[in-house]
Amino acid sequence: MNVQTPEALNGHASGTALHGTNEEMTSEKATDVAMQDTLLTPRFYTTDFEELDAINVETVREDWDKLIAGMVADPNKGHFKKNEDWDTVDWDGMEPALKKEFIDFLISSCTAEFSGCVLYKEMKRRGSNKDITQLFQLMARDEARHAGFINDALREAGISVNLGFLTQQKKYTYFRPKFIYYATYLSEKIGYARYITIFRHLDANPEYRFHPIFKWFEEWCNDEFSHGEAFALLMKTDPNLTQSWQNKLWIKFFLTAVYGTMWVRDHQRPVFHEALGVDVTWYGMEVFRKTSEISKQVYPFTLDIDHPRFRKGLDRLQDANVVIAEGKRQGGIMGKLKTWAGTARAGAAFFSLYTIPVVHNDVPDSPMMAPAY
Amino acid sequence: MGLLTRTRESAPCTVTISHRFEELSAHVKFNNGAKIYAGDSVLVEGAEIMAPYGEIVREDRTAIITRASGLERAWTRLTGDLEFMELCEFSFSEEVTL
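Line by line, the protein sequences give chains A and B. Heads up: the first sequence begins at 1 in the working numbering, then just goes up one per residue. Heads up: the second sequence begins at 1001 in the working numbering, then just goes up one per residue.
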């Protein structure tokens, strides 16, 4: 989950720079980035808690109990500890451009975990259905643990987090439960695919591992994987969620939007991927392939990522995004016109992607999968 | 709740912050059972709260809940879904360049 907040950019830098900072990325500036990106000003959501409470998992009880038992057993409890594998990081020696992108990665990831924790905890607190509240409690636990682990890596880089949002005015927006399922299911599964692809790559090419945190990606992404399993089961409890034609259109919309956004964001971080020795285009397609394969467990179709219009559409989306950013930077009337032109191009690119025919898939009775990549 | 009017109420709350290696989290719990609905705003009164590293801090505070008007609530329910991309994780911020 990544929460973007254009408002409330008043930076309260907390703490002082510890070590390893330079002019490009002081603690204050990084805290500002965090403020913009979310960590300090996450968004707050409400949903239809009565609808959530009314979920009956009896139709998937066997799979559900197995999944919950696995999460209760908490095999990763001892995993998120720094041991001798946590090498010393030479923050001072890190190339400034790489450091910037890597810190953006850490802050965004920490924010995502933190926001996930806030959302899940709220769902746990407002519900009374024992199955549902237990699931959200367990997922909140994992997200808070991940956030703590990344926070520690940030502290090593001389960056402290600020939770000043707690005493600022917070407005609560609203998502229908099904939108939460579609978005978080995909988010957890694509997160798994992203982490495991990098982990396997660095396992085979350890010379590119420029920070020890990548060594922890395997167990980390197994948590993401099981969270995704939980949302797959939730969607299974109501066949209408994945079978009605309106909902199929929504699922396609979510898949297209999520793949498109990921493509654009990754291509905006060339230095990070180069340092990892990863071709960002290869990486994107590989993550889509794995995510599509996994999503067959519950979605009745996958996007046709091998369609000639698919790659073209993604590239057009990325180009349009650059134009929009230029327009915003430029400001004035010309800037405004550029932003509009970019937005129109992004819309056209999205439409082109959205109208590519899907690849149909027969969904299995039991969605359960093991992380196999 | 009026169609156009907002109302305010105060609620006792507990803010819990865990700023530890094993858990980074922050939660606000209303102690009078107040529930938040779409479009409502919450302001926790008092100075900024932060737990020192390695600690959990719990503080009792007062929160001011501004209830959305009927129109605002309907609007938030109608448009909130469009912000769904916020729920997705992409590892990086949306900034084109850093």
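Treat the hints as calculated values from the structure; they're not laboratory data. Please note: incorrect hints may appear among the correct ones.
[To be verified] A short list of chain B residues far from chain A (calculated; beta carbon distances all over 12 Å):
hint : residue
1    : 1007
2    : 1036
3    : 1063
4    : 1071
5    : 1096
[Said to hold, decoys possible] So, partial list: chain A residues that the calculated Cβ filter (under 10 Å) puts toward chain B:
hint : residue
6    : 54
7    : 80
8    : 83
9    : 109
10   : 111
11   : 146
12   : 158
13   : 173
14   : 239
15   : 245
16   : 248
17   : 249
18   : 252
19   : 265
20   : 346
21   : 350
Model, not experiment: these values are computed from the prediction. From the three backbone atoms N, C-alpha and C, an ideal C-beta is built for every residue, glycine too.
Comparing the hints with the structure gives:
1. 1007: With a cut-off of 12 Å, residue 1007 of chain B remains clear of chain A, as the shortest Cβ separation is near 15 Å.
2. 1036: At roughly 5 Å from the nearest Cβ of chain A, residue 1036 of chain B sits no farther out than 12 Å, so the non-interface label is violated.
3. 1063: About 10 Å separates residue 1063 of chain B from the closest Cβ of chain A, which leaves it inside 12 Å; violated.
4. 1071: Non-interface label on residue 1071 of chain B holds, nearest chain A Cβ at 14 Å vs cutoff 12 Å.
5. 1096: 4 Å, violated
6. 54: Since the shortest Cβ distance to chain B is 17 Å, the answer is violated.
7. 80: 7 Å, holds
8. 83: For residue 83 of chain A, the interface hint is violated, since the closest Cβ of chain B sits about 13 Å away, which is over 10 Å.
9. 109: 6 Å, holds
10. 111: With a closest approach of 9 Å, the residue 111 of chain A hint holds.
11. 146: 9 Å, holds
12. 158: Since chain B brings no Cβ nearer than about 13 Å to residue 158 of chain A, farther than 10 Å, the hint is violated.
13. 173: With a closest approach of 4 Å, the residue 173 of chain A hint holds.
14. 239: At 21 Å from the nearest chain B Cβ, residue 239 of chain A fails the 10 Å test, so the hint is violated.
15. 245: 18 Å, violated
16. 248: 17 Å, violated
17. 249: 14 Å, violated
18. 252: Violated, because the Cβ-Cβ distance from residue 252 of chain A to chain B comes to roughly 14 Å (cut-off 10 Å).
19. 265: 5 Å, holds
20. 346: Violated. Min distance 13 Å.
21. 350: With a minimum Cβ separation of about 12 Å from chain B (threshold 10 Å), the hint on residue 350 of chain A is violated.
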